[in-house]
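Protein sequences, first through last, are from chains A and B. Sequential numbering of the first sequence, starting at 8, is according to the numbering used here. Sequential numbering of the second sequence, starting at 1148, is according to the numbering used here.
Hints listed in this document are in silico derivations from the structure and should not be mistaken for laboratory results. Note that the structure is predicted; figures quoted are calculated from it, not measured. Wrong hints could be hidden among the right ones.
[To be verified] If you anchor each label on the Cβ, the simulated ranges turn out as follows:
1. Met8/A / Met1731/B: 39 to 45 Å
2. Lys229/A / Gly1672/B: 40 to 46 Å
3. Arg1236/B / Asp311/A: 48 to 54 Å
4. Ala242/A / Gln1154/B: 56 to 62 Å
5. His1686/B / Arg85/A: 28 to 34 Å
[Unchecked claim] With a straight-line Cα cutoff of 20 Å, these simulated DMTMM-like cross-link-like pairs (lysine to aspartate or glutamate) come out:
6. Lys1701/B / Glu99/A
7. Lys51/A / Glu1700/B
8. Lys52/A / Glu1700/B
9. Lys52/A / Glu1730/B
10. Lys1687/B / Glu218/A
11. Lys52/A / Glu1669/B
12. Lys52/A / Glu1662/B
13. Lys51/A / Asp1696/B
14. Lys223/A / Asp1689/B
15. Lys51/A / Glu1733/B
16. Lys52/A / Glu1733/B
17. Lys1687/B / Asp311/A
18. Lys9/A / Glu99/A
19. Lys1701/B / Asp71/A
20. Lys96/A / Glu1702/B
21. Lys51/A / Glu1702/B
22. Lys193/A / Asp163/A
23. Lys96/A / Glu1700/B
24. Lys1701/B / Glu45/A
25. Lys1701/B / Asp89/A
26. Lys52/A / Asp1696/B
27. Lys52/A / Asp1689/B
28. Lys1701/B / Asp74/A
29. Lys317/A / Asp1689/B
30. Lys52/A / Glu1702/B
31. Lys317/A / Asp1683/B
32. Lys51/A / Glu1730/B
33. Lys51/A / Asp1689/B
34. Lys1627/B / Glu1819/B
Virtual Cβ for every residue (Gly too), placed ideally from N, Cα, C.
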Amino acid sequence: MKKLVMASWRRSAGKTSVIVGLGLAANKKIGYLKPFGERLLYRKKRLWDYDSALVTQIFGLKEDPVDMSIGFDHSKLRFMYDEEGTKKKLLETIEHIAPGKDLLFLEGGKDLTYGISIHLDPLSLAKFTGSKLYLVVSGEENAILDDIYFLKKYLDLKGVQLGGLLINKVQNLEEFQEIQLPLIKKLNLPILGVLPYQSDLTYFSMAYLAERLFAKVITGEKELNRPVKNILIGAWSASTFMQNPVFQKESKLIITGGDRTDMILAALESDTAGIILTNNVLPPSHIIAKAEERHVPLLMVFSDTYQTAKQIESLEPLLTKEDEEKIKILTELVQKYVDWPAMQD
Amino acid sequence: MINAEKQIKYLFEPRTVAVIGAARDAQKIGYKILANILGGGYQGKVFPINPQNGEILGLKAYTNIEEVQDSIDLATIVIPAHFVFDAVRSCARKKVKFLSIISSGFSEVGNFDEEKRIVSFAREQGMRILGPNIFGIYSAAVSLNATFGSAPIVPGKVAIITQSGALGIAMIGKTAAENIGLSAIISVGNKADINEADLLEYLIADGRTKVILLYLEGVRAGEEFLKALEKATKKIPVVVIKSGRSARGAIAAASHTGSLAGSDEVFDDLMRQFGVMRAESVAEAFNWCKFLAHSPLPQGENTVIITNGGGIGVLATDACEKYGVKLYDDLPALKDIFGQVTPNFGSTKNPIDLTGQATSLHYRAALEAAQKSPQIHAAIALYGETAVFDAENLSHLIKEVDQEFKAAQKPLVFSIFGGEVIEQCLQQMRKGEAAVFGDVYEAVSCLGALYAYYDYLQSYTAEREEVGLDSSAIKAVLNKVLQENRSFLLAHEGQAVMQAAGISIPRSMPARSVEEAIQAAEKIGYPVVMKVISRDILHKSDAGGVALDLMNEKEVVDAYQAIMRSCRAYSPQARIDGVEISEMVEKGIETIIGARRDNTFGPLVMFGLGGIYVEVMKDVTFRALPINQKEARKMVKEIRAYPLLMGVRGEEKKDLEVIVQTLLKVGAILQEFPMISDLEINPFVVYEQGRGGKAVDVRIMLTKEKRGA
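Isolated chain A (complex conformation) (with noise of 0.2 Å):
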């Protein structure tokens, strides 16, 4: 069984999404660890990591989601385990794992220093279990060079073999194969794929911001997995909001009050994947009855607007197992641009 431990410079470069493509296009039996979860979520008194749910249902996984990270916080794991203890607990978690398999992914944390301290960051996982280390870098072009030239010039991986570069969602492949991708090259580092940023695959899902946003879902509970292409945040009066072009874009999502029912009407007339209302107030039953009528979503938080769109502004848009396309086109994209043999080598 290969193992590849999967580790990004920063965080949100896509590291989940490149593992996803990279598993189907290779048709292979996987398995997944997140030896460090991060994206916590709870339910029942059982805790998992929202990347390991997802890997377990794309891939249809055995395993339980439970026990694919050890830990996800730092003074519980500095509690429980030493340096030994980890390498130990990782191992042991790896053979549960191992059976069957043919390619272990080990996914790191949002970046490359992120669990240091409690022995769990990407390079520590390439040493304890002597796997090649896969780094996904991502950015805007001139940033993803700076990251390659000090990753080559400053750091010493420590023995730690690199197995090389992913090079992920780049805004204009042709002028970054033209300019940046010959100046890397020269660095003679292994460049595995070079991926070109696909904006479907940057929505989110009204689902998914119910769950962040531990909003209540007032309607439109079977229409949550609408996509949201476009944010508008309702302000002024419903004239000026209808005129505003975003209001004209497809697939929007509205954050408003709940009490702000004109601009409630004017977004359930027209094309909107949901509406987030604002510092937990309910809109009047008429309105209600009206978007459950037009089945739209209707989300209440308890944050103010601003509140809320700040928090939905650092939202990541994660993958989710009922995303097929984005799915599909996460294994064209590897297929089409990721030199996956090379990797399995």
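Use these hints to put chain B onto chain A, whose structure you have.
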């Protein structure tokens, strides 16, 4: 300076009255008031004030009040708003005691500053102001009708205080038509100075007033008002009509107690607490007032219905249930009392059915039996018109029996129903003092109002029990919160207050790390509950900051991680001070006990069905503080979920005494510490009788203004 505070008597019994703005034009209010004063039989001196001297209605007119030689007790001001302040200044120089400012154009139209200027000046000068924006005052004590009402006022026993001028004037006409004699009618208008509380003070002591009717649109200085009501209802019944029964939008408030207190039900609860009867309509209020003014208070609760028809008897029985009139049901005793006077086919079960063959003689005999029986304390006489009844004797019968009942100190109401003869009788009876109605429900509702008042007097006690708080411990907690410039208490601080008050709380310990959380859980014993401690996260459950029923170390570790992560994600800027580990509270009935300083009514205490659905169920009741054990027990009985507390479907009765004691303690804390604005225990879990209850979640907030312990 005159100490006008204690001279309210001069408002009702002025020896001299000046009318500033007295007019010669009969269409003007200034003329009408003067004419009403003169025509109403007032014996004191009256001074018209008008810029053109000469005579008005045969009296010498003065250009300025200061020209009058006599001292003036009451000046009625009826001039345009912008001249009022100058007139008030003249009154001050003249040392007038009371001003009745009829003029409008003040706060009711947004002119707050002018109203405030006039009132502050008047108070500085030792004068008190009735109004502005009123129709005036009538006082039977000196036959003074200083109003611009169009109908003559019949003197009598009912005093009316009204906030609405238009309705007040209409009431003058209506009371005259209904022959409801008035001891006083006062319009309070904008209530810029004199309010209901000041007026009640006089009316309960004047010896003339037997019932007070209040028409309110809003309440100001509610605490003072409630105190005045408590004093009043100990002496005479008070009836209130308050507009604004419809539900107001929920007020954004930090506690459930706050948002629930926004409703009209609070007013209802407080009126009940102080024995005030709230009428649904003006007609109902007038019926009650007339009846209460003339009826003796009953000596007991046993009421009988005497009827000549089964149908109206059943209607009356339903009405008795609705209005809380208790029907006497000792069947052998009823047979003894009425057996001799009931026809063969009749019934001596209550209602006493004299059957359709009953004549006035049968009625007289049955009512006499009721009046003479010591077991019976009140009667409802029903008559449906029949051919055999000698209707010509009906009015006479009613008058005689009514007087006999009054002499025996027994309330009696009649409901008579039928054709023209009955209608004529009803018209005739309206002028008298007997309580005769066409509708059964109207008749019984009057008796119901009387019994509500009777019950209040029976159960009233001014006694307040000591509850025993460790005040210094509470003060220490609050001072620490103030030092940190916070306006709310953290969970452990709230618990410390509960402990100092002797209110049982789940055992709990704070923990700042996962190790401490495990240690705490082991000390307390599994299962445990874990809650985030953060001054920035008020809605812990919504932030994923609560984990329940943790059975072992592994679950504690997982929950700790989950809470920390969820809360950080929910509010990245929130300061998190660790978690609180507490015992998993055993299941019981979840109630809510709250207390708050209401902007209108002052300190209130609330009890109801608690838990997360408290604002949906709205099964709560309020009282103004202080309360005693008796009142706290009434609160417990008042909620709709009371049967749950008494034990349903074979469940045991719950510990009602712990609720009563907790209500008293919570009330006492709010009263002793003026810096607390809200104190809420939700849920307060109540167990079976003798097993007490536990304050599971406590929320205490401090006022922004009163920060001194």
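Comparing the hints with the structure gives:
1. Met8/A / Met1731/B: 39 to 45 Å: Since the Cβ atoms of Met8/A and Met1731/B sit about 44 Å apart, the hinted range of 39 to 45 Å holds.
2. Lys229/A / Gly1672/B: 40 to 46 Å: Holds, at about 44 Å.
3. Arg1236/B / Asp311/A: 48 to 54 Å: Distance hint for Arg1236/B, Asp311/A holds at roughly 51 Å.
4. Ala242/A / Gln1154/B: 56 to 62 Å: 57 Å, holds
5. His1686/B / Arg85/A: 28 to 34 Å: Given range 28 to 34 Å: holds, Cβ gap about 30 Å.
6. Lys1701/B / Glu99/A: 18 Å, holds
7. Lys51/A / Glu1700/B: 15 Å, holds
8. Lys52/A / Glu1700/B: At roughly 12 Å apart (the allowed maximum being 20 Å), Glu1700/B and Lys52/A satisfy the hint.
9. Lys52/A / Glu1730/B: At roughly 17 Å apart (the allowed maximum being 20 Å), Glu1730/B and Lys52/A satisfy the hint.
10. Lys1687/B / Glu218/A: 16 Å, holds
11. Lys52/A / Glu1669/B: Given that 20 Å is the threshold and the Cα spacing comes to 18 Å, the pair holds.
12. Lys52/A / Glu1662/B: Roughly 18 Å separates the two Cα atoms, so the pair holds.
13. Lys51/A / Asp1696/B: 10 Å, holds
14. Lys223/A / Asp1689/B: Roughly 10 Å separates the two Cα atoms, so the pair holds.
15. Lys51/A / Glu1733/B: 19 Å, holds
16. Lys52/A / Glu1733/B: 19 Å, holds
17. Lys1687/B / Asp311/A: With Cα atoms ~17 Å apart, Lys1687/B and Asp311/A stay inside 20 Å; holds.
18. Lys9/A / Glu99/A: 16 Å, holds
19. Lys1701/B / Asp71/A: Holds, at about 17 Å.
20. Lys96/A / Glu1702/B: 19 Å, holds
21. Lys51/A / Glu1702/B: The given pair, whose Cα atoms are some 10 Å apart, holds under the 20 Å limit.
22. Lys193/A / Asp163/A: OK: Lys193/A and Asp163/A at ~19 Å, within 20 Å.
23. Lys96/A / Glu1700/B: 18 Å, holds
24. Lys1701/B / Glu45/A: Roughly 18 Å between the alpha carbons, so the hint for Lys1701/B and Glu45/A holds.
25. Lys1701/B / Asp89/A: Between Lys1701/B and Asp89/A the Cα gap is close to 18 Å, so the pair holds against 20 Å.
26. Lys52/A / Asp1696/B: Within the cut-off at roughly 9 Å; holds.
27. Lys52/A / Asp1689/B: 16 Å, holds
28. Lys1701/B / Asp74/A: 13 Å, holds
29. Lys317/A / Asp1689/B: With Cα atoms ~18 Å apart, Lys317/A and Asp1689/B stay inside 20 Å; holds.
30. Lys52/A / Glu1702/B: Cα-Cα ~6 Å, so holds.
31. Lys317/A / Asp1683/B: 17 Å, holds
32. Lys51/A / Glu1730/B: 18 Å, holds
33. Lys51/A / Asp1689/B: 16 Å, holds
34. Lys1627/B / Glu1819/B: Satisfied, since the Cα-Cα distance of roughly 17 Å is no more than 20 Å.
Going through the hint list in order, the structure satisfies each hint without exception.
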